[in-house]
Amino acid sequence: KAGVTQTPRYLIKTRGQQVTLSCSPISGHRSVSWYQQTPGQGLQFLFEYFSETQRNKGNFPGRFSGRQFSNSRSEMNVSTLELGDSALYLCASRPGGQNNEQFFGPGTRLTVL
Amino acid sequence: GEDVEQSLFLSVREGDSSVINCTYTDSSSTYLYWYKQEPGAGLQLLTYIFSNMDMKQDQRLTVLLNKKDKHLSLRIADTQTGDSAIYFCAESLSSNDYKLSFGAGTTVTVRA
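Heads up: the sequence lines are chains W and S, in that order.
Anchor point for the first sequence: position 61 equals 61 in the numbering used here, and the numbering is continuous, going up by one each time.
Anchor point for the second sequence: position 21 equals 21 in the numbering used here, and the numbering is continuous, going up by one each time.
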């Protein structure tokens, strides 16, 4: 079974631009969560989607948004990029229900110049 | 990760056992996880334990949970050079909340 895939793997943007990152969960998994990893703040939860609905949201500004499609693929969008948005963005896939195993993708490394 | 604490570094000789420790503060944590991150990679789920368990063993990995002290440990037997990585402890708070709160990570260096 293929693992979690994230595209693109690397991205360079400039301040003020917007960016869209994509995540395809493991086949059959219905929940997708997003995390931001930075050297200063570590791993922080952004949001979780399940069956196309946002179920949980972390403490990030409204510039960070996401969505999930009917095939469980998810995208996250960051608008008006700031230098501090430079990070590794990780997506986690979970089967759903009471199963709490969460599997991460390789991440998208975003650099904001 | 302010509710999950880990020591930052561990150096271990190849062939010895490694023990990575973690403390958490939220007594309502239901699942506790160990993830491994190698340079330039995502997080690899190593194992997880439900809060009503004391111990879980999976090949070279042993997880011990002391719920009274809110202490979690990961023991890696016969540590190999491929075990060099950052290890993250994480908790999820309830059976309906799958958000993970992570520690800062422990960098494990295996020396020959």
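No wet-lab data here; the hints were simulated from the structure.
Every residue, glycine too, gets a C-beta built ideally from N, C-alpha and C.
Please note that the accuracy of each hint is not assured.
Covered, in the sense of this in silico footprint (three residues per stretch, anywhere, with C-beta under 8 angstroms from a C-beta of chain W), are these stretches of chain S [to be verified]:
hint: 1; stretch: 11-20
hint: 2; stretch: 79-86
hint: 3; stretch: 96-108
No farther apart than 30 angstroms at their CA atoms in a straight line, the calculated lysine-lysine pairs in the DSS-like style are these [to be verified]:
hint: 4; chain 1: S; residue 1: Lys-99; chain 2: S; residue 2: Lys-67
hint: 5; chain 1: W; residue 1: Lys-13; chain 2: S; residue 2: Lys-67
hint: 6; chain 1: W; residue 1: Lys-13; chain 2: S; residue 2: Lys-56
hint: 7; chain 1: S; residue 1: Lys-70; chain 2: S; residue 2: Lys-56
hint: 8; chain 1: S; residue 1: Lys-70; chain 2: W; residue 2: Lys-13
Away from chain S, derived, C-beta distances all over 12 angstroms, residues of chain W [to be verified]:
hint: 9; residue: Phe-47
hint: 10; residue: Glu-48
hint: 11; residue: Gly-62
hint: 12; residue: Leu-83
hint: 13; residue: Ser-86
hint: 14; residue: Glu-101
hint: 15; residue: Arg-109
Now the hints, each set against the structure:
no. : hint                : in the structure
1   : 11-20               : violated (count 0)
2   : 79-86               : violated (count 0)
3   : 96-108              : holds (count 9)
4   : S:Lys-99 x S:Lys-67 : holds, 20 angstroms
5   : W:Lys-13 x S:Lys-67 : violated, 45 angstroms
6   : W:Lys-13 x S:Lys-56 : violated, 44 angstroms
7   : S:Lys-70 x S:Lys-56 : holds, 16 angstroms
8   : S:Lys-70 x W:Lys-13 : violated, 42 angstroms
9   : Phe-47              : violated, 9 angstroms
10  : Glu-48              : violated, 6 angstroms
11  : Gly-62              : holds, 19 angstroms
12  : Leu-83              : holds, 22 angstroms
13  : Ser-86              : holds, 15 angstroms
14  : Glu-101             : violated, 7 angstroms
15  : Arg-109             : violated, 8 angstroms
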